[in-house]
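These are the residues of each chain, in order.
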Amino acid sequence: MIRSALKISLPIMFGFVPLGIAFGLLFQELGYPWYFASLMGIIVYAGAAQFMAIGFLSAGLGIIEIAMSTFFLNSRHMFYGLAFLESFGNWNLRKLYLIFGMTDETYALMTTIKVPENYNKERYYLYITLFAQIYWVLGCTIGAISPGFLTFNTDGMEFAATALFVVLLIEQWIMVRRLLPFILGFIASIFALTFFVNHMLLIAILISIGSIILLRIIKTNNNG
Amino acid sequence: MDELEYLLVVIIVMAISTYFTRLIPFLLFSSGKESFILNYVAKSTPPMVMMILVIYMLKDVNYFSSEIFYTFLALAITIGFQVYKRNALLSIVAGTAVYMFFVQL
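Quick note, the sequences are listed as chains A and B, same order.
The first sequence begins at 1 in my numbering and counts up by one.
The second sequence begins at 225 in my numbering and counts up by one.
Hint data in this document are derived by calculation from the structure and do not stem from the laboratory.
Computed from a prediction, not measured in an experiment: that's the story for all the values here.
Note that beta-carbon positions come from the ideal geometry of N, C-alpha and C, so glycine has one too.
Below are the EDC-like pairs computed for lysine to aspartate or glutamate, each with C-alpha atoms no more than 20 Å apart in a straight line:
hint, chain 1, residue 1, chain 2, residue 2
1, A, LYS7, A, GLU122
2, B, LYS283, A, ASP155
3, A, LYS95, A, GLU122
4, A, LYS7, A, GLU117
5, B, LYS283, A, GLU158
6, B, LYS267, A, GLU122
7, A, LYS121, A, GLU86
8, B, LYS267, A, GLU86
9, A, LYS114, A, GLU86
Now the in silico label distances, taken between C-beta atoms and shown as ranges:
hint, chain 1, residue 1, chain 2, residue 2, range
10, B, LEU228, A, PHE196, 32 to 40 Å
11, A, TYR119, B, PHE325, 34 to 42 Å
12, A, ARG94, B, ASP284, 31 to 39 Å
From chain B, some residues computed to sit far from chain A (all C-beta separations above 12 Å):
hint, residue
13, ASN286
14, PHE288
15, SER289
Work out the full structure: start from the sequences and follow the hints.
As structure tokens, this is what we get:
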């Protein structure tokens, strides 16, 4: 089961390691000891928020502002948990960790894959989440300790994240076969890009979820 | 507060703040209560989010340079491999390799 989870989590590695290295390199410029970059990867574990933190730290921003900005930047994760209310099982340490490890990439992967029938779902998810975080912490650490000129040229490797989402989009289409959510996601994205470029992800998710609930309610009312 | 204390406080505050966003749905909705609408939303969210994430990743592509050309080439290769081979790793590595080749050219 560990090997299967490792194999299925590998696409995340191609996204997380180079992104983590990029974060580590930026972090290095702040002049703090390298292990704080690893610590961030271990206890914060949020890509965009960690990049934002570089700006905060160099500007010496207040704690309240940092707490609020982090919350808003990551608030899209609130909707991610909805898909796992059942499948994360009962409250225990494992569930607390699975919730902690919910990133765009793990959410995308875990909502798309089918866990083989003979495997324990929660354990399988646990391994995927753990491997994903290891890739991230590894990337952050490598970036923070490596002298800039020694790093392998990773330019363009960020495309791996795009490719992962494209692959999962195709797999979602094969699984779902209903046009509506894809169309709503598309329209909401274009709308959010046009009017709220800086908060595109959150706004697009809010609009698409809002509209799919609305459409469902209208449909239910018409039927009865 | 010295500099390292400030850094440590920032990291801890960010950790709590991030974890809170991830914890909220599990605190609001206990898994025992089946709700029709909630179930429907949970099922429809992944395809919507995947579409949104793809567009989000592509939003900064410069449409007036060669970037648009190799981005679409890499996308086509990723999609092609995924549709015909259904091997996620292969599709991602192939698309990314082509993209990296052109970026570093």
